[in-house]
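Protein chains in written order, with this note's numbering: chain A, 1 to 536; chain B, 1 to 193; chain C, 1 to 197.
By construction, these hints were calculated from the structure, which means they are not laboratory data. Keep in mind the model is a prediction, meaning the values are calculated, not measured. The C-beta atom is built at its ideal place from N, Cα and C for all residues, glycine as well. Be aware that one or more of the hints could be misleading.
To be verified - Pairwise CB distance ranges, derived in the manner of DEER restraints:
| hint | chain 1 | residue 1 | chain 2 | residue 2 | range |
| --- | --- | --- | --- | --- | --- |
| 1 | A | K23 | C | D167 | 35 to 43 Å |
| 2 | C | N170 | A | I377 | 26 to 34 Å |
| 3 | A | K460 | C | L130 | 15 to 23 Å |
| 4 | B | E3 | C | A39 | 49 to 57 Å |
| 5 | A | P385 | C | E76 | 23 to 31 Å |
What the hints assert, rightly or not - Dumping the calculated BS3-like pairs for lysine-lysine here, alpha-carbon to alpha-carbon at most 30 Å:
| hint | chain 1 | residue 1 | chain 2 | residue 2 |
| --- | --- | --- | --- | --- |
| 6 | A | K32 | A | K299 |
| 7 | B | K94 | C | K88 |
| 8 | C | K119 | A | K489 |
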Amino acid sequence: MDHSSIESIGKYLHNFPGGLKLKHYKALSCSKPLPAQQLPLSQEYIIPVSQHLGRPAEIIVSPGQQVQKGQQLSAPGKASSTPGTYVHAPTSGEIIAIEQRPAPHPSGLNSTCIILRADGKDDWIALEPVADYRQLSRQQLIRLVQAAGIVGLGGAVFPTDIKLQSGAGSIDTLILNGAECEPYISCDETLMKQDPEKVIQGALILSRVLDIKRVLVAIEDPMDACSQKLQAGIKTMGAADCIKVVRVPMLYPEGGERQLIQVLSGTEVPAGKLPVSMGILVLNVATAAAIKDAIIDGKPLIDRLVTVTGAGISEPQNVVARIGTPIADLISFCGGYTPGIASLVMGGPLMGIGLQSDSLPIIKASNCILALTHADISSPQVEMPCINCGDCVSVCPAGLLPQTLQMVIRAENFEALEELNLDACIECGCCDYICPSHIPLVDYFRYGKSEQRVRAVERKQSDLAKLRFERREKRLAKQQTERRARHLKRKQALAGSSDKKDSVAAAIVRAKARKQALTAPHNSDSNTGSGEADGI
Amino acid sequence: MSEYLLILVSTVLANNFVLVRFLGLCPFMGVSNKVEGAIGMAIATAFVLTLSSASSYLIYTWLLVPFELTYLSTLSFILVIAAMVQLTEMIMHKTSPLLYRVLGIFLPLITTNCAVLGVALLNVQEQHNLLQSALYGFGAALGFGLVLVAFAAVREKVAMADVPTHFKGAAIGLVTAGLMSLAFMGFSGLANL
Amino acid sequence: MTAAIIILTSLALIFGLALGYAAIRFRLEGNPVADQIEALLPQTQCAQCGYPGCRPYAEAIAADEVDINRCPPGGEAGIKQLADLLGKEPIPLDADAGIEKALPEVAIIHEDICIGCTKCIQACPVDAILGAAKKMHTIIAAECTGCELCIPPCPVDCIDMIPVSIDLSNWQSDKPVPITTISKQLSSADNAGEAVA
Numbered sequence: 001m002d003h004s005s006i007e008s009i010g011k012y013l014h015n016f017p018g019g020l021k022l023k024h025y026k027a028l029s030c031s032k033p034l035p036a037q038q039l040p041l042s043q044e045y046i047i048p049v050s051q052h053l054g055r056p057a058e059i060i061v062s063p064g065q066q067v068q069k070g071q072q073l074s075a076p077g078k079a080s081s082t083p084g085t086y087v088h089a090p091t092s093g094e095i096i097a098i099e100q101r102p103a104p105h106p107s108g109l110n111s112t113c114i115i116l117r118a119d120g121k122d123d124w125i126a127l128e129p130v131a132d133y134r135q136l137s138r139q140q141l142i143r144l145v146q147a148a149g150i151v152g153l154g155g156a157v158f159p160t161d162i163k164l165q166s167g168a169g170s171i172d173t174l175i176l177n178g179a180e181c182e183p184y185i186s187c188d189e190t191l192m193k194q195d196p197e198k199v200i201q202g203a204l205i206l207s208r209v210l211d212i213k214r215v216l217v218a219i220e221d222p223m224d225a226c227s228q229k230l231q232a233g234i235k236t237m238g239a240a241d242c243i244k245v246v247r248v249p250m251l252y253p254e255g256g257e258r259q260l261i262q263v264l265s266g267t268e269v270p271a272g273k274l275p276v277s278m279g280i281l282v283l284n285v286a287t288a289a290a291i292k293d294a295i296i297d298g299k300p301l302i303d304r305l306v307t308v309t310g311a312g313i314s315e316p317q318n319v320v321a322r323i324g325t326p327i328a329d330l331i332s333f334c335g336g337y338t339p340g341i342a343s344l345v346m347g348g349p350l351m352g353i354g355l356q357s358d359s360l361p362i363i364k365a366s367n368c369i370l371a372l373t374h375a376d377i378s379s380p381q382v383e384m385p386c387i388n389c390g391d392c393v394s395v396c397p398a399g400l401l402p403q404t405l406q407m408v409i410r411a412e413n414f415e416a417l418e419e420l421n422l423d424a425c426i427e428c429g430c431c432d433y434i435c436p437s438h439i440p441l442v443d444y445f446r447y448g449k450s451e452q453r454v455r456a457v458e459r460k461q462s463d464l465a466k467l468r469f470e471r472r473e474k475r476l477a478k479q480q481t482e483r484r485a486r487h488l489k490r491k492q493a494l495a496g497s498s499d500k501k502d503s504v505a506a507a508i509v510r511a512k513a514r515k516q517a518l519t520a521p522h523n524s525d526s527n528t529g530s531g532e533a534d535g536i
Numbered sequence: 001m002s003e004y005l006l007i008l009v010s011t012v013l014a015n016n017f018v019l020v021r022f023l024g025l026c027p028f029m030g031v032s033n034k035v036e037g038a039i040g041m042a043i044a045t046a047f048v049l050t051l052s053s054a055s056s057y058l059i060y061t062w063l064l065v066p067f068e069l070t071y072l073s074t075l076s077f078i079l080v081i082a083a084m085v086q087l088t089e090m091i092m093h094k095t096s097p098l099l100y101r102v103l104g105i106f107l108p109l110i111t112t113n114c115a116v117l118g119v120a121l122l123n124v125q126e127q128h129n130l131l132q133s134a135l136y137g138f139g140a141a142l143g144f145g146l147v148l149v150a151f152a153a154v155r156e157k158v159a160m161a162d163v164p165t166h167f168k169g170a171a172i173g174l175v176t177a178g179l180m181s182l183a184f185m186g187f188s189g190l191a192n193l
Numbered sequence: 001m002t003a004a005i006i007i008l009t010s011l012a013l014i015f016g017l018a019l020g021y022a023a024i025r026f027r028l029e030g031n032p033v034a035d036q037i038e039a040l041l042p043q044t045q046c047a048q049c050g051y052p053g054c055r056p057y058a059e060a061i062a063a064d065e066v067d068i069n070r071c072p073p074g075g076e077a078g079i080k081q082l083a084d085l086l087g088k089e090p091i092p093l094d095a096d097a098g099i100e101k102a103l104p105e106v107a108i109i110h111e112d113i114c115i116g117c118t119k120c121i122q123a124c125p126v127d128a129i130l131g132a133a134k135k136m137h138t139i140i141a142a143e144c145t146g147c148e149l150c151i152p153p154c155p156v157d158c159i160d161m162i163p164v165s166i167d168l169s170n171w172q173s174d175k176p177v178p179i180t181t182i183s184k185q186l187s188s189a190d191n192a193g194e195a196v197a
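Isolated chain A, as found in the complex (with noise of 0.2 Å):
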């Protein structure tokens, strides 16, 4: 660890590889403030179980059963080795059926959901407002942090509570991440906008949980408006001397994670490392402000801000959307689509996925439902053969090599592929973006990864099964032998008792030579003879 960029981090701002300079759409939907008027509730929610990367969790209701707006809907299974996160109800109302349903997700699969039928009333169960966090303990607070299924916002939706704790103690920065560097999203500004404070008591405590003394929120270059909410709003509140508002350059991917680390810092995060092992910790703005709702309100991460914006939609704006809300409910909020719309987007335009249809529900990943029209999309575009031409490298923010891993997984070279380090590869788009040829090298990329996966899977179960079948014929080897044992001994028990009815012959044979003996010197010459007799 390089302490001294630690020390100095977010004083000098320094640069990644590569990287795009896009035109970045966000006046589209952040010129508005929010609106006045909340999303009204929708009939039905549909909750994904699984909203987080790693196994789901256990559900805890059943079908039929009534719900309080904030009741826990799953909880985490205690068998697993990485539990699931906590879902809760958006809204009062009776769960109807728990069934599966697809999911926004790219495989386009279905996914176990709980499906809430809305009542209209929205009572919240018994809230439990923390009256002052500084009272309770660091693992207190994650638990918290836990109960309330909060998940990182930024889209990556890895658990917090486990961020947090593999954290606490040994990281002294911590790093929020308001730098929402793909087009069109705007949601983190305008949180950022509205509700500065929210933001900075999520980083307070924070500040708290991980026991540290510096707190930098990202933002990029041209959020003006933000930038003073947010120093007004630290002044406030009296935290100037902990949290420090840091303004980066706009290039994407500048909010990726390792990308911002190595902007503020200098220094790379190695691959295959976490930020942690530099004692850095970074959280999305929107994670924060979630952190603070779960905490000084109780409130569990019921909704999120979602920008929804496009050509495609009538009215582009930022909505606080709960989870579960159907997309097109969300959409008709926002005036609905125009005509020439394309294309669903969940996420941004170079990271986001594609959705099939717009009554999938709004989950914890959700930041951008993005609405494209034909004019935005170009038509799709013939692959060409790649021409070696360096594009792709210069401005991949990962410094790999994109032109190398892409003709590596084309010739399914599995074993090339460690060396080359693809898991580094944060898909970002950037080289499909700058590609000539029109190659679809995040597709590679991802194909190339889950087979990875998938490899590596098949391996440890072939390994079990080598085990397995070791210890099988190592026991039926132990219980031939055993067998061969107790047969031996049966067998020579056998002979022992041949033994004894061999001396009851010989005791026969010795009492007729007895008697023969006795009776011998009558009829001894008769005897002699028959023995001549015999012996001719």
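For chain A, the structure is supplied; the task is to place chains B and C on it using the hints.
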């Protein structure tokens, strides 16, 4: 001293046995599919070449010349080389069984690698002394190893590239080798030996 | 002439002796190649290759007794890895050994039919079947290798193979198909259509 350096430069680059003299092409095409195999082959050949060129010099100078049996040189050189190759095979089988399997038939075929016999015969022709002979053999092996590994590295990349169907395999390999040979012609002015 | 014969013979003798010593000195023990081959085999222990397990098959490959294309669970990918390791050309899977399944499968016991005969338990090479005599048996899906060895001994045919279900945890993204390939396939399909017409 400069004479020895010249021998080295000449055999490695200017008069490279594979790409300039076109000797020993069989393993050059045969075991250049993977870099690891190529490195193994390069080491094995270097071992055989250095030892055999030194010992064939000794046999030539101390046995064949005094007894006026120089007409037996080819025969006795082959004997030396064959013994060296057998030894190399055993050592390689012991130290790296997998490499032994990967190289397969090409390992015993070092015996008939014309570069190996060529070096032994050229040593006689050029009237090298013992050190020069050994260096000549080692230089030849170094040059052989260099182009073999470089060629294998190129072929590994070519294997992943989108090669037209009719050029796949040996065809594109030979084209590549030809281009490499052209490149090595650039060294021709470096040393004249 | 005699000098020539003597010299050559003595040379041959010397080299022969040296090599004889080397052969003793560098004798190889164990079979390290088999270990490396075994590490690439899928360890289903299904015996479809004709050997009683993955280790014997690996040893047979190491001894060059059998081709590398007799492992259906490993499939084409497995053959490619073996070919890479051994410096051979990949060859298509031997159809005699079996065919590669499109999806990995696990066995499942229909528990209402099972009579509790324990025959499948004895057949399972990885102890993935749980049960006792006259008690219903069940398969530990996480440990089942899908070798199908339990199916033939079952007297009531209550074991079926089902493909492992794809969900979000084991989902795999597809390999992108270059548009050039698609258009080629389309045009060849067109040609086939014309030929039929």
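Taking the hints in turn, this is what the structure says about them:
1. A hinted range of 35 to 43 Å for the beta carbons of A/K23 and C/D167 is consistent with their spacing of about 38 Å.
2. At roughly 31 Å, the beta carbons of C/N170 and A/I377 sit within the given window of 26 to 34 Å.
3. The given range of 15 to 23 Å is respected by A/K460 and C/L130, whose C-beta atoms sit roughly 21 Å from each other.
4. For B/E3 paired with C/A39, a C-beta distance near 51 Å keeps the hint of 49 to 57 Å intact.
5. Under the hint 23 to 31 Å, the C-beta atoms of A/P385 and C/E76, about 25 Å apart, fit the expected range.
6. Between the alpha carbons of A/K32 and A/K299 the distance comes to roughly 27 Å, so the proposed pair stays at or under 30 Å and holds.
7. For the hint pairing B/K94 with C/K88, the CA-to-CA distance comes to about 21 Å; that is within 30 Å, so the pair holds.
8. About 29 Å separates the Cα atoms of C/K119 and A/K489, which keeps this hinted pair within 30 Å; it holds.
When held up to the earlier numbered hints, the structure conflicts with none and fits them all.
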